[in-house]
Amino acid sequence: MSNPQQLRYSKEHEWLSDAEDGVATVGITEHAANALGDVVFVQLPEVGDTVTAGETCGELESTKSVSDLYSPVTGEITEVNEDVVNDPSLVNSEPFEGGWLFKVRVSEEPADLLSADEYDAHVAG
Amino acid sequence: MSSSPLRRTALDALHRSLGATMTDFAGWDMPLRYGSERDEHVAVRTKAGLFDLSHMGEITVTGPEADRFLNHALVGDIASVRVGRARYTMICREDGGILDDLIVYRLADAEYMVVANASNAQVVLDALTERAAGFAAAVRDDRDAYALIAVQGPESPGILKSLTDADLDGLKYYAGLPGTVAGVPALIARTGYTGEDGFELFVAPEHAEKLWQALTEAGAPVGLAPCGLSCRDTLRLEAGMPLYGHELSTSLTPFDAGLGRVVKFEKEGDFVGRAALEEAAARAQENPPRVLVGLVAEGRRVPRAGYPVVAGGEVIGEVTSGAPSPTLGRPIAMAYVDAAHSAPGTPGVGVDIRGSHEPHEVVALPFYKRQK
Chain X
1 MSNPQQLRYS KEHEWLSDAE DGVATVGITE HAANALGDVV FVQLPEVGDT VTAGETCGEL
61 ESTKSVSDLY SPVTGEITEV NEDVVNDPSL VNSEPFEGGW LFKVRVSEEP ADLLSADEYD
121 AHVAG
Chain H
1 MSSSPLRRTA LDALHRSLGA TMTDFAGWDM PLRYGSERDE HVAVRTKAGL FDLSHMGEIT
61 VTGPEADRFL NHALVGDIAS VRVGRARYTM ICREDGGILD DLIVYRLADA EYMVVANASN
121 AQVVLDALTE RAAGFAAAVR DDRDAYALIA VQGPESPGIL KSLTDADLDG LKYYAGLPGT
181 VAGVPALIAR TGYTGEDGFE LFVAPEHAEK LWQALTEAGA PVGLAPCGLS CRDTLRLEAG
241 MPLYGHELST SLTPFDAGLG RVVKFEKEGD FVGRAALEEA AARAQENPPR VLVGLVAEGR
301 RVPRAGYPVV AGGEVIGEVT SGAPSPTLGR PIAMAYVDAA HSAPGTPGVG VDIRGSHEPH
361 EVVALPFYKR QK
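The listed protein sequences correspond, in order, to chains X and H. Here full-length UniProt numbering is used: the first residue of the first sequence is 1, the next is one more, and so on. Here full-length UniProt numbering is used: the first residue of the second sequence is 1, the next is one more, and so on.
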């Protein structure tokens, strides 16, 4: 699998796009989606919620297990992906595209986000 | 946790070449899924699925008193099983607790094959060996003698027919006969754990790969898919079939598990656990134990094993297995609940899903029954 070069990554397997007008898009990586198996339910933060880098802000439920969703950055939620709420399988089929999870107005970004190559190494390690 | 290396089946290299996600299951490295577990589940319900079940524990019992011995060691009437047939039964402790649930095949007058769950195979082997004392019967560990391949689903009879001359039409559910499949000697059993018609093929490990490949080729035109343990769990859950470690345990007797019918008090001779089981049966009559029911979620969050079942602010039971049901399109669960809340349609029943009480409908098991 290839992790898009233009994104940055958390060790908890979220990806983050470059912010446009201060707003970045967040999803989970293909690696994480594969590890979860078929995702059947997502619980996302609500628009207006404040999320904190490294803290849980939702749930991803697959056939076998439930996993916490972490936010890679601190900020205010500006949009959640209703398509993925209605069809959670988008997380598996298009993790970097239609399966994005939420948009966040970034107020603070941790220094330890990974590049695509660093994330590859993190996953391989 | 044991630090010993995971055991690998004869099909291990094949699973890896198919890109399977592997998982540690009872000390074995087994395929969890090859692609989407949902697609594998649907393949078994609508077409056919191919499973490697070589981790199951085969134990052969032979000797002139094999039948009397098994009647003593197990709760079922094994002596009454006819040659070529199989029986679902249990092995219990003296105190009535369930050690394992088993399928016993009668291969000949004086030869049986006992199939135990992978996680309990050693326990069952030890118990049978101990209980055989004083009987003219021999207990043989045959776990390494067999690979087990299952083909399950509505297309499975057609797939198998193209590879064998065995009389599959004459082979009833819960029956087994020796035959040849794709040139490989096999015990062909019409059993399974998916709620579908299907077959389990016990073969020598050195023949497993050849048989798997032949089934794969024969099944390709009708959509046969390799299937892992993940979909096996959702298939058996929809079919309302108990799983050891979830619905069954040493802390439950068969009567507590709603499976008292497998205990045959009327059979000849004494058997291990009889006294305790007679008490358990009487207790169940007077004071109904918790009842195994089905729960269907009204929402989309999934009830999981160990979650409390609640009603009116009280805990009234516990989920034993839960998963999203591909067939129903909603999360489902099996749970033991107090008898007062066990009737289908009982209002006000919920599951405490990580602190939130989510409403569920109580239904009779199974969730899914195939059309015959």
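Any given hint might turn out to be false.
What the hints assert, rightly or not - Looking from chain X toward chain H, a few residues come up when the C-beta cut is under 7 angstroms (computed):
(1) D38
(2) V40
(3) F41
(4) E55
(5) G58
(6) T63
Just so you know, these hints were derived from the structure itself, not from any lab. Glycine included, every Cβ here is placed at the ideal spot set by N, Cα and C.
These are the hints, each one checked on the structure:
1. Using the Cβ-Cβ criterion of 7 angstroms, the hint placing D38/X at the interface with chain H is satisfied: the shortest such distance is roughly 5 angstroms.
2. With 7 angstroms as the threshold, the beta carbon of V40/X comes within range of chain H, its nearest partner Cβ sitting at about 4 angstroms, so the hint holds.
3. Interface restraint check for F41/X: the shortest CB-CB distance to chain H comes to about 5 angstroms, inside 7 angstroms, so the restraint holds.
4. Taking 7 angstroms as the C-beta cut-off, the interface hint given for E55/X is violated, the closest approach to chain H being about 16 angstroms.
5. About 12 angstroms separates the beta-carbon of G58/X from the nearest beta-carbon of chain H, more than 7 angstroms, and the hint is not met.
6. Hint status for T63/X: holds, given a least beta-carbon distance of 5 angstroms to chain H, under 7 angstroms.
Hints 4 and 5 from the earlier list are contradicted by this structure; the remaining hints agree with it.
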